[in-house]
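K.L.:
Residue strings, one per chain:
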Amino acid sequence: MILFDPVWTALLYLAASVCFILALKGLSSPRTARRGNLLGAFGALVGVATVFLSVRLDNIPWILGAIAVGSVVAAPVARQVKMTQMPQLVALFNGVGGGAAALVGLLELAHADDPWVRLAIVFALLVGAVSFAGSGVTFAKLQELMTTRPVVFPGLPVLMAAVLLAAVGVGVAVVLTGWLPLALLLLVLGLVAGVLLVLPVGGADVPIVISLLNAFTGLAVAASGLVLGNVLLLVAGTLVGASGTILTRAMAAAMGRSVAGILFGAFRGGSTAGSTAVSDRPVRSSSSEDVAVLLGYAQRVIIVPGYGLAVAQGQHTAAELAQALEERGTRVDFAIHPVAGRMPGHMNVLLAEANVPYESLREMGEINSEFRTADVALVVGANDVVNPAAKTSAGSPIYGMPILEVADARQVVFLKRSMRPGFAGIENELLYEPQTTLLFGDAKDSLTKVLAAVKGL
Amino acid sequence: MDGIGLLTITVLAVFVGFEVVSKVSSTLHTPLMSGANAIHGIILVGAIIVAGQASGPWVLAVALLAVVLATANLVGGFVVTDRMLEMFHGRGPGKALSTRDRAKAVKDKAEDRR
Numbered sequence: 001m002i003l004f005d006p007v008w009t010a011l012l013y014l015a016a017s018v019c020f021i022l023a024l025k026g027l028s029s030p031r032t033a034r035r036g037n038l039l040g041a042f043g044a045l046v047g048v049a050t051v052f053l054s055v056r057l058d059n060i061p062w063i064l065g066a067i068a069v070g071s072v073v074a075a076p077v078a079r080q081v082k083m084t085q086m087p088q089l090v091a092l093f094n095g096v097g098g099g100a101a102a103l104v105g106l107l108e109l110a111h112a113d114d115p116w117v118r119l120a121i122v123f124a125l126l127v128g129a130v131s132f133a134g135s136g137v138t139f140a141k142l143q144e145l146m147t148t149r150p151v152v153f154p155g156l157p158v159l160m161a162a163v164l165l166a167a168v169g170v171g172v173a174v175v176l177t178g179w180l181p182l183a184l185l186l187l188v189l190g191l192v193a194g195v196l197l198v199l200p201v202g203g204a205d206v207p208i209v210i211s212l213l214n215a216f217t218g219l220a221v222a223a224s225g226l227v228l229g230n231v232l233l234l235v236a237g238t239l240v241g242a243s244g245t246i247l248t249r250a251m252a253a254a255m256g257r258s259v260a261g262i263l264f265g266a267f268r269g270g271s272t273a274g275s276t277a278v279s280d281r282p283v284r285s286s287s288s289e290d291v292a293v294l295l296g297y298a299q300r301v302i303i304v305p306g307y308g309l310a311v312a313q314g315q316h317t318a319a320e321l322a323q324a325l326e327e328r329g330t331r332v333d334f335a336i337h338p339v340a341g342r343m344p345g346h347m348n349v350l351l352a353e354a355n356v357p358y359e360s361l362r363e364m365g366e367i368n369s370e371f372r373t374a375d376v377a378l379v380v381g382a383n384d385v386v387n388p389a390a391k392t393s394a395g396s397p398i399y400g401m402p403i404l405e406v407a408d409a410r411q412v413v414f415l416k417r418s419m420r421p422g423f424a425g426i427e428n429e430l431l432y433e434p435q436t437t438l439l440f441g442d443a444k445d446s447l448t449k450v451l452a453a454v455k456g457l
Numbered sequence: 001m002d003g004i005g006l007l008t009i010t011v012l013a014v015f016v017g018f019e020v021v022s023k024v025s026s027t028l029h030t031p032l033m034s035g036a037n038a039i040h041g042i043i044l045v046g047a048i049i050v051a052g053q054a055s056g057p058w059v060l061a062v063a064l065l066a067v068v069l070a071t072a073n074l075v076g077g078f079v080v081t082d083r084m085l086e087m088f089h090g091r092g093p094g095k096a097l098s099t100r101d102r103a104k105a106v107k108d109k110a111e112d113r114r
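Each protein sequence line maps, in turn, to chains A and B.
Numbering (the working numbering) for the first sequence: 1 to 457.
Numbering (the working numbering) for the second sequence: 1 to 114.
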């Protein structure tokens, strides 16, 4: 087969790199997001086609077969997954990418004579393995194959420190000797470190960890690029590593948390541990019929959807309820907190899927001033994002997090599973206010009952 | 390419990476993460190179495993991101509405009602 001249290869890799940059740029703005993603896919296609045409490759039928297997497994899953399960799928794809980067590093060890190259291999191996195992645990947490609460045991910090120290020691040895069994040991240490890193993270913080591991995988890919002297891998991996870091920080900031607090908070017995303390102060709970009357005769209702709605998969029922109310002449908006749902922006996707019109999906900054004109704020499965403690109590773990000002509405209705505090484990004073009504139950069941009652008004 | 050349590229790519996502609305955090996730699936190129130069059956087997994993990351990543964004674009210009358009939409709705 005739191979490309190295200059052409370099130019095509450059073109693919530019596609990736424009893809990330496009994904940062709603108008261009889909085009950006397609441009990224196009860049990947260019990159993969180029490698076939520019490097002498054996085993091409095998390689094509493996690509077919990977595509046939991943594409249908990605097509058919329920939108509520999408975060764990992203975690899974991220993990396998990290695994691939680690394996590439491992196999290149035999050809690495230069200690600098071996250093890059050690990095790809370790970080790729951390990302693979860590993503596996996040997948298990989000899929609820294991507890979503932080898993901490005495000695965890010591074990983690020991594993990291051992990894550094073994890593140095691999750089010096290039001995394969040591590299395998490093791989195992990386896997253990990945598991230990994610275990103490609580359910609602898991998306931020996915984003962090995403950045990790990017860095592992960049290191593989250094090992292979491949500029495309280097640029793409570095881009993802850098943008992923910024994104992780932005996500954490939207939740009023720090990345370090999320990763190590549970060690200190800090906020992520949560609590199940239930206060016995009186609250006003009511029936679905009462809530229906409240909603049905309101002029303006603002629905605040949260994590509980996403978990109960009640987004379609919420959309139907909104529609039923609109037909009665009530104006209904959805107030979307930046971190509502299972991931930042996840709630917009879920509600858009349930056919809620865009004009009704309102961002926090925009709608906060409108709560005072609302007759009813209907909070469905959200708690921390409407907790006034974020504004008033300086010692609170969520202090400083921007919240939706539901307290300004004339009436506040909470659909809640129980009195258990939200993820941050702090009481919500709003639940005890006179204007607040509670309807206990699974978000979807409650919405269904309220919907039936509204239709019967 | 020499070490300094690679270092230059890396450092510049870091700054580009910081810069391109610096002003992203929280609505797009999830699709952006997912899209970035798909992009690092380009490790497929590395896996192909390693598999194409594999000497023994074991090396080939491990390299092919890397190819399968990387393909899953790349293909699955772009497909799932597209599905997320499809939701955003399915009906009308959506988030691209300016405040004025949105005010108009609300007013139109109110008039429909009358």
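Do not rely on the hints blindly, as some may be mistaken.
[What the hints assert, rightly or not] Listed next, the in silico DSSO-like pairs over lysine-lysine satisfying Cα-Cα at most 30 angstroms (straight line): (1) A:82 x B:23; (2) A:391 x A:82; (3) A:449 x A:391; (4) B:23 x A:455; (5) A:25 x B:23; (6) A:25 x A:455.
Derived from the structure by calculation, the hints contain no laboratory data.
K.L.:
Can the restraint linking residue 391 of chain A and residue 82 of chain A be considered satisfied, given a maximum Cα separation of 30 angstroms?
P.N.:
violated, 36 angstroms
K.L.:
Can you confirm whether the C-alpha distance between residue 25 of chain A and residue 23 of chain B stays at or below 30 angstroms?
P.N.:
Given pair residue 25 of chain A, residue 23 of chain B holds - Cα atoms ~10 angstroms apart, limit 30 angstroms.
K.L.:
Quick one, are residue 25 of chain A and residue 455 of chain A close enough, alpha carbons at most 30 angstroms?
P.N.:
violated, 45 angstroms
K.L.:
Do the alpha carbons of residue 449 of chain A and residue 391 of chain A lie within 30 angstroms of each other, as the hint requires?
P.N.:
violated, 33 angstroms
K.L.:
Given the hint that residue 23 of chain B pairs with residue 455 of chain A, does the C-alpha gap stay at or below 30 angstroms?
P.N.:
violated, 43 angstroms
K.L.:
Quick one, are residue 82 of chain A and residue 23 of chain B close enough, alpha carbons at most 30 angstroms?
P.N.:
Distance of about 29 angstroms is within 30 angstroms: holds.
Of the numbered hints given earlier, the model fails hints 2, 3, 4, 6; all others are met.
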